[in-house]
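Student: For reference, the chains in residue letters:
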Amino acid sequence: MNIRLARVDDMMGMQAANLQNLPENYVMKFWIYHAMTWPQISYVAEDHKGRIVGYVLAKIEERNENENEPQPVHGHVNSISVLRSYRRLGLAKKLMILSQQAMKEIYKAEYVSLHVRKSNKAAIGLYRDTLGFEVAKVEKKYYGDGEDALSMRLELKDI
Amino acid sequence: MSKALPVPAKRHLPSKEATLFKELLTLYETRQLKKGLKTADQILKKFPEHGETICMKGLLLTHMGRREEGIDFVKKGVKLDLTSHIVWHVFGLIQKGEKNYEEALKSYTQALRFDKENLNILRDAAQLQTQLRLFDALVETRHTLLKIRPSLRQHWIALAVAYHLNGNLSEARKTLEHYERTLKNVADYDIEHSETLLYHVRILEEMEDYSEALSLLDVNSKSRAIVDRTAIMECRARLLSKLKSDEAEHAWRALIEHNPDCYDYYRGYFSNQGLSLENSSQEALDILRQFSSQLSKATAPRRLALTIATGDEFRDLAKSYLLSGLTKGIPSLFVDVKSLYTNASKRDVIEELAEAARVEFTPSSDTPPSSAEDTDPTIYLWTLYFLAQHHSYLGRPKKALETITIALEHTPTLPEVHTCKARILKRAGDLLGAAKSVNDARLLDGQDRFLNTKCAKYLLRAGCVEEASNMLGLFTKKDAVSPGADLEDMQSLLYLMEEADAHYRNGKPNLALKKYHAVQKVFNEIEDDQYDFHGYNLRKFTLNIYMKLVKWEDQLRSHPAHVKAALSASRIYIKIHDDPSIATAITSSPQLTGAEKKAKKKAKKAAQKVQEEPKKGPTPSANEDKGLEPVQPKDDDPEGLKLIGVSDPLEQAFKLLQPLTTLVTDNIDVWTVVYDVAIRRKKYLQALQALNHARALNVEHPEVHVRSMHFRQTIDTLPEEPPAPIGPLLKEVAQKVVPEGLSILTFNGQYLQRHISEPLAVLAAAKVAHGLKEPVQEVEQVVFGVLGEGTQLDIPTALKVLEFLTEIKSGRVEEFRSVCNKQFEISTVFKPLTELEALQKRTLSGEEEEKEEDISPA
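First to last, the protein sequences are chains A and B.
In terms of numbering that gives the first Met the number 0, the first sequence opens at residue 0 and continues consecutively.
In terms of numbering that gives the first Met the number 0, the second sequence opens at residue 0 and continues consecutively.
Simulated from the structure, these hints should not be mistaken for lab results.
Predicted model only: the values in this text are computed from it and were never measured.
Listing some non-contacts, in silico: residues in chain B with all C-beta distances to chain A over 12 Å:
1. THR82
2. HIS177
3. SER210
4. THR309
5. ARG357
6. THR361
7. SER363
8. ASN469
9. ASP578
10. PRO632
11. GLU699
12. GLN712
Here are the computed lysine-lysine pairs in the DSS-like style, where the Cα-Cα straight-line distance is at most 27 Å:
13. LYS477(B) - LYS633(B)
14. LYS107(A) - LYS183(B)
15. LYS140(A) - LYS477(B)
16. LYS9(B) - LYS78(B)
17. LYS58(A) - LYS550(B)
18. LYS539(B) - LYS103(A)
Note that the Cβ used here is the ideal one computed from N, Cα and C, for glycine as well.
Take these sequences, add in the hints, and give me the full structure.
Tutor: Okay, here's the thing in structure tokens:
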């Protein structure tokens with residue numbers, strides 16, 4: 000499968016893949032907003048016919064001095080998904096690594112964060128064991144259906 | 000009008016009210032709506048005809064949700080002070096909120112007549128001009144903005160972009176060069192500057208000034224002004240290739256090493272070397288072998304090698320590729336290699352290898368399962384899984400089913416095996432069996448939305464609309480009116496199209512139309528989405544991607560879902576034009592099934608609930624800003640009765656087809672439907688143009704043949720020839736379509752002979768014969784030719800034939816149906832309707848029982 004930077008004409012396919020796989024969905028304007036704001040850090044996997052079979056949708060959180068815990072510039076994975084029929088190819092891992100490299104290089108992101116369902120063993124395994132993420136905290140009832148989320152974080156200076 | 004005119008008497012306010020008016024503007028800007036209203040009323044007490052205040056009052060009321068009132072006030076205010084820039088600005092804002100961009104721009108242009116240098120109005124006007132693709136005007140507006148405030152970086156960039164959009168690359172470039180010269184105090188790390196430079200490079204590349212582009216790129220990447228290393232590398236490689244530089248090879252190699260899974264990089268590399276990745280070439284193969292060993296984690300070079308290699312080399316490479324995939328248990332292995340099957344010998348080699356693997360990995364019967372000698376059972380399973388897909392793809396459903404059945408006995412707990420069986424059954428025409436299999440898969444992992452979506456899709460294919468909706472409801476928002484409503488809100492084209500098609504097949508064209516129009520609505524939303532970005536991207540300096548956005552939006556309606564929806568809806572409109580009784584049957588007595596009535600009641604209740612809820616909550620503050628966009632009107636036609644009962648169906652179809660005629664000109668289906676609509680509207684020139692387009696694409700195509708003959712027949716039988724130049728032109732083409740001296744019937748007979756073994760062409764010839772009023776038995780005779788020896792009749796074509804026989808009220812419908820039922824052993828789609836309905840009941844009730852045991856997701 001072809002893995003490359005997400006383009007504007009990938010957005011329909013990314014939205015479709017997201018709707019197929021995950022209950023957290025977004026209208027097209029949300030996808031456009033990400034592409035227009037941070038065009039260098041979202042990646043897709045496509046099959047030979049050009050259909051989107053996997054994607055990572057990422058953003059950058061600007062440095063924020065105002066809060067109680069001031070946070071440096073960091074990346075955040077808003078959504079990542081690979082169609083079930085294209086699993087076991089290491090696509091998710093490759094998508095994440097490419098995205099992280101771009102976050103670090105272009106935005107000087109110090110770390111990347113994401114949320115994952117507490118019960119999603121497979122995803123947690125990927126983030127923690129394969130990619131080196133650590134659990135930063137638990138966010139209770141984060142998801143629309145009430146499930147808890149693990150907020151995970153990967154320091155980018157190490158990659 | 001360059002001199003500032005004295006303020007007209009009706010606009011002038013004494014100092015007290017003038018101050019109030021200034022306050023009023025500020026209150027509006029800060030959205031203090033209630034206070035603003037009070038202030039406005041204060042002014043109006045003394046000056047009830049002050050147009051500008053009346054307009055502002057109208058604007059505030061609109062924001063407060065009192066839209067009709069508000070708009071009345073605005074209109075009144077405009078009339079009272081036609082030369083005030085404020086009233087026109089306000090009017091423009093209202094129209095913009097209604098997405099009436101053309102009218103809004105007119106208002107803004109008026110406003111600018113009376114306040115030429117108003118930055119706000121100019122910026123809004125620029126956005127409107129971009130949205131409307133009026134690039135000449137846009138350039139002028141951006142020029143004006145730059146002249147007024149040359150110190151603002153954005154104004155320079157905006158002008159360059161405007162020139163670029165208007166096709167004037169050299170002015171765009173000059174603007175950027177000028178801008179860069181005037182830049183002061185650029186920080187070391189400035190991502191906006193980085194993006195601007197990349198944009199500049201892009202413009203030079205588009206102008207084909209490759210060496211300048213390269214030097215600009217190199218200078219600024221050395222100085223680290225450009226921070227996006229990947230973009231630099233990609234751009235460099237492209238430019239070096241275009242300049243035929245020796246450095247290009249290294250540049251492409253560096254890209255491949257950076258991301259070994261990107262096929263574009265390999266294509267760039269090989270293209271640069273003058274080698275093709277399609278044809279066999281020893282040199283290319285050697286390079287790929289090098290890459291494969293150097294980049295061990297990457298599949299791309301190994302897969303590319305399979306495309307290029309031949310003979311024994313192919314066999315060796317295919318064997319290791321296959322075994323590697325089977326060992327890892329990769330579900331997509333088959334879809335990955337199936338594109339190689341266009342080469343018959345490669346297809347056969349792969350079948351050999353897969354069968355050999357199957358034999359090798361079959362667990363031997365006399366070894367107990369726990370023995371260490373036992374080959375890994377999962378390789379065996381994945382081999383069976385591969386072979387089942389292989390046989391199904393090659394049109395051997397029985398063999399495929401046998402294979403997958405063994406796999407299921409071996410490992411009933413792997414969802415993939417069940418979905419594979421489902422696909423086999425679907426292709427073989429057993430849609431209910433297929434749905435049941437997908438459901439079996441789904442039950443193995445209730446938390447997986449992918450399986451849920453697939454299951455719903457298969458239910459829709461089988462025509463079980465309500466069941467599909469309940470299925471989808473397991474993952475849609477609980478507070479939505481219905482699962483379908485949530486999916487429509489989230490713009491799920493898959494759902495909308497599949498349900499539309501299902502309704503159509505179920506004989507509910509009104510409901511189908513509703514969903515096809517919902518698809519249109521999604522595309523209208525996406526087209527509108529770009530509006531805010533005409534300003535936003537300029538503020539962010541993300542210019543390259545912005546240009547891509549504009550181009551993408553220009554092409555938006557060529558998206559396959561949009562095309563399909565437009566064509567399907569148009570076909571319905573054509574049907575109800577040809578036979579108005581279809582529509583009246585539906586509108587006069589909407590016949591809902593028991594389940595549909597229940598669903599309708601449920602939806603009505605839910606909708607009432609949603610309406611009542613706001614009343615129960617705390618009274619909304621009068622200061623609540625509802626914005627300028629009108630509230631979505633309630634759906635007043637949930638069953639699509641108004642849509643199906645429309646009095647001008649052909650005009651509706653014409654509207655839907657318009658964008659396709661410019662955006663999708665290489666699609667035969669588009670032209671045939673455009674023809675069908677045009678000829679019925681008696682727009683002969685349009686019909687002619689459509690026919691010509693279609694014939695240019697493929698004159699022998701069955702659908703084109705039907706229209707060609709129809710055209711000739713229509714022109715021959717016109718009551719009177721249309722006036723020149725149309726009349727003679729039509730005659731001219733009619734002669735081309737069927738040459739002088741030949742009757743249409745004879746010509747059609749010749750066409751039939753030419754394509755006697757192609758079922759769709761045979762059907763086309765039959766349709767033509769029927770159109771020429773040939774006796775029904777003769778037409779049937781032609782049609783039954785599709786069952787002949789040597790013709791490759793498939794299920795979709797057989798269904799089309801059945802549809803045609805039904806339409807012409809043939810007496811041999813049941814005969815054809817039963818032949819097909821026998822021929823397509825596994826299928827259920829040819830069973831008589833009553834038998835099918837009973838089967839559906841049985842299958843679904845089986846599913847119902849299983850559903851109760853289902854662990855529903857949280």
